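Chain by chain, the residues run as shown.
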Amino acid sequence: MNTALQKDAEHTLIVALQQGDAAAYEKAVREYSSGMLAVARFYMDAASAEDIVQDCWVTVIDAIEKFESRSGLKTWLHRIVANRCKNKLRSNKREVNTDFSETLDPELANRFNASRRWQQPPRLRFDESADVLLENGALSDCLDKHLSALPENQRSALMLYEAHQHKSEDVCNILDVSASNLRVLLHRARQRIFLMVETFQESGEC
Amino acid sequence: MLMCKDLAEIASDYIDGELATSQNLAIRMHLMMCRHCRSFIGNLRVSTDLMQAHSSVAPDEALMRRIDQRIAEALAARKKD
Ligand SMILES: [Zn+2]
Chain H
1 MNTALQKDAE HTLIVALQQG DAAAYEKAVR EYSSGMLAVA RFYMDAASAE
51 DIVQDCWVTV IDAIEKFESR SGLKTWLHRI VANRCKNKLR SNKREVNTDF
101 SETLDPELAN RFNASRRWQQ PPRLRFDESA DVLLENGALS DCLDKHLSAL
151 PENQRSALML YEAHQHKSED VCNILDVSAS NLRVLLHRAR QRIFLMVETF
201 QESGEC
Chain S
1 MLMCKDLAEI ASDYIDGELA TSQNLAIRMH LMMCRHCRSF IGNLRVSTDL
51 MQAHSSVAPD EALMRRIDQR IAEALAARKK D
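The listed protein sequences derive, respectively, from chains H and S.
So for the first sequence, our numbering puts the first residue at 1; every next one is plus one.
So for the second sequence, our numbering puts the first residue at 1; every next one is plus one.
Read the hints as simulated data drawn from the structure, not as lab findings.
Quick caveat: nothing in here was measured; it's all calculated off a predicted structure.
Just so you know, even glycine gets a beta-carbon here, dropped at the ideal spot from N, CA and C.
Take these hints with a grain of salt, some might be off.
What the hints assert, rightly or not - Under the rule of at most 35 Å between Cα atoms (straight-line distance), these lysine-lysine pairs were calculated in the DSBU-like manner:
hint : chain 1 : residue 1 : chain 2 : residue 2
1    : H       : Lys88     : H       : Lys74
2    : H       : Lys74     : H       : Lys7
3    : H       : Lys86     : S       : Lys79
4    : S       : Lys80     : H       : Lys74
What the hints assert, rightly or not - Stretch by stretch, here's where chain S covers chain H in the computed footprint (C-beta under 8 Å, at least three residues):
hint : stretch
5    : 5–17
6    : 42–56
7    : 101–115
Next up, chain H with everything else stripped away, as it sits in the complex:
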């Protein structure tokens, strides 16, 4: 791991941003916008999320001067997005729709019998690693399709935790969910991905 190197690079980038370096902004926008968009999509539709991310970048220009590096640039940016979304929702009086009562995906839950044993066990064993599986472009496309079909809250949790490698407490902070609810979101999302890969591996169909 080259975390020290990454920290140095991040520090250099932050200093450049603080100095108003346009090239540094272009670099940062490309590196961090996808994560910021994922956070915003937790709260609102695609078009509004894009607006929020644009507005946030403009506020970053002033806010970065007071940046303290305790949490890292990525987490800091994601928190700005989340706070802006929450404020906007508050003024719109819109509620975020979440269901944390079920730990199992309904489709998976139906595969057990009344004595809680497998009735329809996993149909095969994925015997290739994720990297090898992803070399199949069709599976990668299928993954994209299923990701965009996930409920927003599950998708954002998955994006932040797995794809963007945030720590649990950061994700809870950013999305404003409890630790136990985050666990439910992650587990539900992973089950959907499991079901998708199973179907794909068995039938070649998405």
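Assemble the complex: chain H is given as a structure, and chain S with the ligand must be docked to it using the hints.
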């Protein structure tokens, strides 16, 4: 006794090392005896790795350029002050 469905409910917590020692032990005992759950945990692990390997959908370049534009305007406005 821990049944297959119970295990499925806490499978992600097991994979992420979020369970208490006693629960971990119960799961390991179950896995020794149950090949279906072994497959399930293995497959869920691969699914989790898939997400880590699959980078998130990048916003389109048009959005990036709109952001560049707004930042450039804001920086220019600030220089005037
Ligand atoms: Zn079992």
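How the hints compare with the structure:
1. Taking the CA atoms of Lys88(H) and Lys74(H), the gap is about 21 Å. The hint holds against a cut of 35 Å.
2. Between Lys74(H) and Lys7(H) the alpha-carbon distance is near 12 Å, which keeps this suggested pair within the 35 Å criterion.
3. Annotation: proposed proximity of Lys86(H) to Lys79(S) holds, straight-line Cα distance about 31 Å (limit 35 Å).
4. Between Lys80(S) and Lys74(H), the direct Cα distance comes to roughly 30 Å. Compliance with the 35 Å bound is thereby established for this hinted pair.
5. Only residues whose beta carbon comes within less than 8 Å of a beta carbon in chain S count, and the stretch 5–17 of chain H has 0; fewer than three means the coverage is violated.
6. A count of 3 residues in the stretch 42–56 of chain H with a Cβ less than 8 Å from any Cβ of chain S is obtained; the coverage claim is therefore met, three being the minimum.
7. Only residues whose beta carbon comes within less than 8 Å of a beta carbon in chain S count, and the stretch 101–115 of chain H has 6; three or more means the coverage holds.
The earlier numbered hint that this structure contradicts is number 5, and it is the only one.
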